[in-house]
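Colleague: Residue numbers (the working numbering): 4 to 95.
By construction, these hints were calculated from the structure, which means they are not laboratory data. Owing to the predicted nature of the structure, the values given are computational and were not obtained by experimental measurement. Glycine included, each C-beta is placed from N, C-alpha and C at the ideal position. Be a bit skeptical, because a hint or two may be false.
Stated by the list, open to error - Restricting the straight-line Cα-Cα distance to at most 25 Å, the calculated cross-link-like pairs of lysine-lysine (BS3-like) are:
no.: 1; residue 1: 26; residue 2: 15
no.: 2; residue 1: 36; residue 2: 26
no.: 3; residue 1: 36; residue 2: 15
Said to hold, decoys possible - Per label pair, the in silico range of CB-to-CB distance:
no.: 4; residue 1: 32; residue 2: 58; range: 16 to 26 Å
no.: 5; residue 1: 49; residue 2: 7; range: 22 to 32 Å
no.: 6; residue 1: 90; residue 2: 64; range: 36 to 46 Å
no.: 7; residue 1: 55; residue 2: 26; range: 31 to 41 Å
no.: 8; residue 1: 92; residue 2: 16; range: 43 to 53 Å
no.: 9; residue 1: 50; residue 2: 90; range: 29 to 39 Å
no.: 10; residue 1: 22; residue 2: 50; range: 28 to 38 Å
no.: 11; residue 1: 88; residue 2: 33; range: 42 to 52 Å
no.: 12; residue 1: 19; residue 2: 65; range: 30 to 40 Å
no.: 13; residue 1: 26; residue 2: 92; range: 34 to 44 Å
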Amino acid sequence: MLASFYQNFLEKYLNKAQLITLKMLVWLLQNQKQVKIERLAATLPLPIQQNSRRRHIQRFLTLNTLSVVLLWFPIIEAIINQHFKVGSQLTI
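Using the sequences and the hints given, assemble the complete structure.
Modeller: Printed below as a string of structure tokens:
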């Protein structure tokens, strides 16, 4: 589901339950045509009621650890460092 690079990187920032939730959401997003929280909650494979699954998704998506500054900038920085030499010019 997740590439090993992302898996290793996300393990540093998310706890085990958050990582599992992220993997399930990525899997659902790949399989669902509609991206609505209610639709995702209906198909999320958790043994809880649908309203609880919806709240679980909402709480997960508002986590501070998923913010652009705390999580996604370091991922982008790691990708850039992996593919470009230090001192080379990079235009974004």
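Colleague: Please go over all the hints and tell whether each is borne out by the structure.
Modeller: Hint check:
At roughly 15 Å between alpha-carbon atoms, residue 26 and residue 15 fall within 25 Å of each other, so this suggested pair holds. Simply put, residue 36 and residue 26 have alpha-carbon atoms about 17 Å apart, close enough for the 25 Å limit, and the pair holds. A threshold of 25 Å between alpha carbons decides the hint, and for residue 36 with residue 15 the separation of about 31 Å lies outside it, so the pair is violated. The hinted range of 16 to 26 Å is satisfied by residue 32 and residue 58, whose Cβ atoms lie roughly 19 Å apart.
Checked against the hint of 22 to 32 Å, the pair residue 49 and residue 7 passes, with Cβ atoms roughly 25 Å apart. The supplied range of 36 to 46 Å is met by residue 90 and residue 64, whose beta-carbon atoms lie about 38 Å from each other. Checked against the hint of 31 to 41 Å, the C-beta distance between residue 55 and residue 26 comes to roughly 19 Å, which is inconsistent with it. A C-beta distance of roughly 30 Å is found between residue 92 and residue 16, which places it outside the suggested range of 43 to 53 Å.
Checked against the given bound of 29 to 39 Å, the beta carbons of residue 50 and residue 90, roughly 53 Å apart, lie outside it. Under the hint 28 to 38 Å, the C-beta atoms of residue 22 and residue 50, about 19 Å apart, miss the expected range. Taken as a hint, the range 42 to 52 Å is violated for the pair residue 88 and residue 33, whose Cβ atoms sit roughly 34 Å apart. The supplied range of 30 to 40 Å is broken by residue 19 and residue 65, whose beta-carbon atoms lie about 19 Å from each other.
For the pair residue 26 and residue 92, the beta carbons lie near 36 Å from each other, so the given range of 34 to 44 Å is met.
Hint violations for this structure: numbers 3, 7, 8, 9, 10, 11, 12, all remaining hints satisfied.
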